[in-house]
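Peer 1: Listed below are the residues making up each chain.
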Amino acid sequence: GAVVSQHPSWVICKSGTSVKIECRSLDFQATTMFWYRQFPKQSLMLMATSNEGSKATYEQGVEKDKFLINHASLTLSTLTVTSAHPEDSSFYICSASITGAPTDTQYFGPGTRLTVL
Amino acid sequence: QKEVEQNSGPLSVPEGAIASLNCTYSDRGSQSFFWYRQYSGKSPELIMSIYSNGDKEDGRFTAQLNKASQYVSLLIRDSQPSDSATYLCAVAHSGGYQKVTFGTGTKLQVIP
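Which chain is which? The protein sequence lines are A and B, in order. If you count by my numbering, then the first sequence holds residues 1 to 117, one letter each, in order. If you count by my numbering, then the second sequence holds residues 1 to 112, one letter each, in order.
Calculated directly from the structure, the hints in this document are not laboratory data. Any given hint might turn out to be false.
[Unchecked claim] In silico DSS-like cross-links for lysine-lysine, where the CA-CA straight-line distance does not exceed 25 angstroms:
no., chain 1, residue 1, chain 2, residue 2
1, B, 99, A, 20
2, A, 66, A, 14
3, A, 64, A, 20
4, A, 41, B, 56
5, A, 41, B, 67
6, B, 99, B, 67
7, A, 20, B, 42
8, B, 99, B, 56
9, A, 55, A, 14
10, A, 55, A, 20
11, B, 56, B, 67
12, B, 42, B, 99
13, A, 64, A, 14
14, A, 41, B, 107
15, A, 64, B, 99
16, A, 66, B, 99
17, A, 66, A, 55
18, B, 107, B, 42
19, B, 56, B, 107
20, B, 99, A, 55
Pulled out of the complex, with its shape left as it was, chain A reads as follows (with noise of 0.2 angstroms):
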């Protein structure tokens, strides 16, 4: 049980283009879902807070208009980056958090790796 998954794994983009990740959780419902980025050899770094049927709570320093997340139903979570540049290139990963658990388990995909050339 708990399985989240993310679509697409790998994406190549051109620089200026817009990329949509999609996440999903498989088996649960999922009224809570995060989106963190992961650059080689650092660790998780939390991008937003996705919660379902309102606005996504982004972290500091985290430009809300490059990175558009909609969180439009119990099982799916969209991330996209809009005009991407080199620097966007990174690993994106979701996870979710199971609606009704007395927990903050959070289970996580298996990432997305986004190169922009």
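Using the hints provided, position chain B relative to the given structure of chain A.
Peer 2: Relative to the frame of chain A, chain B by itself:
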């Protein structure tokens, strides 16, 4: 500032030995504690969670929590080369769906 601190390592142990990974946290209000394993190029995988003081065992893994000392550890018995990974300590500050703060991770190398 809510912080979670870990020694970055690498921690090298011989195969079959016990690996001990440590983590300290600054927020006394923290309620939930997690250990994740992350292989290179992969996303984190939950190993264990612990919520009350003492030890919690699951197979070869034992998590230890001491809230008074603000300290949580992970012991890996009979370490295997496949345990070589980065281990992330994570702390949640209250119940519900508050965000979790991750440490920077300790890299473990199990030498055959």
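Peer 1: Each of the hints needs a verdict: does it hold here or not?
Peer 2: Okay, the hints, checked on the actual structure:
no., hint, result
1, 99/B to 20/A, "holds, 23 angstroms"
2, 66/A to 14/A, "holds, 16 angstroms"
3, 64/A to 20/A, "holds, 14 angstroms"
4, 41/A to 56/B, "violated, 30 angstroms"
5, 41/A to 67/B, "violated, 30 angstroms"
6, 99/B to 67/B, "holds, 19 angstroms"
7, 20/A to 42/B, "holds, 20 angstroms"
8, 99/B to 56/B, "holds, 23 angstroms"
9, 55/A to 14/A, "violated, 28 angstroms"
10, 55/A to 20/A, "holds, 17 angstroms"
11, 56/B to 67/B, "holds, 14 angstroms"
12, 42/B to 99/B, "holds, 21 angstroms"
13, 64/A to 14/A, "holds, 21 angstroms"
14, 41/A to 107/B, "holds, 10 angstroms"
15, 64/A to 99/B, "holds, 18 angstroms"
16, 66/A to 99/B, "holds, 22 angstroms"
17, 66/A to 55/A, "holds, 14 angstroms"
18, 107/B to 42/B, "holds, 14 angstroms"
19, 56/B to 107/B, "holds, 22 angstroms"
20, 99/B to 55/A, "holds, 16 angstroms"
Consistency with the previously given hints fails for numbers 4, 5, 9, ordered from lowest to highest.
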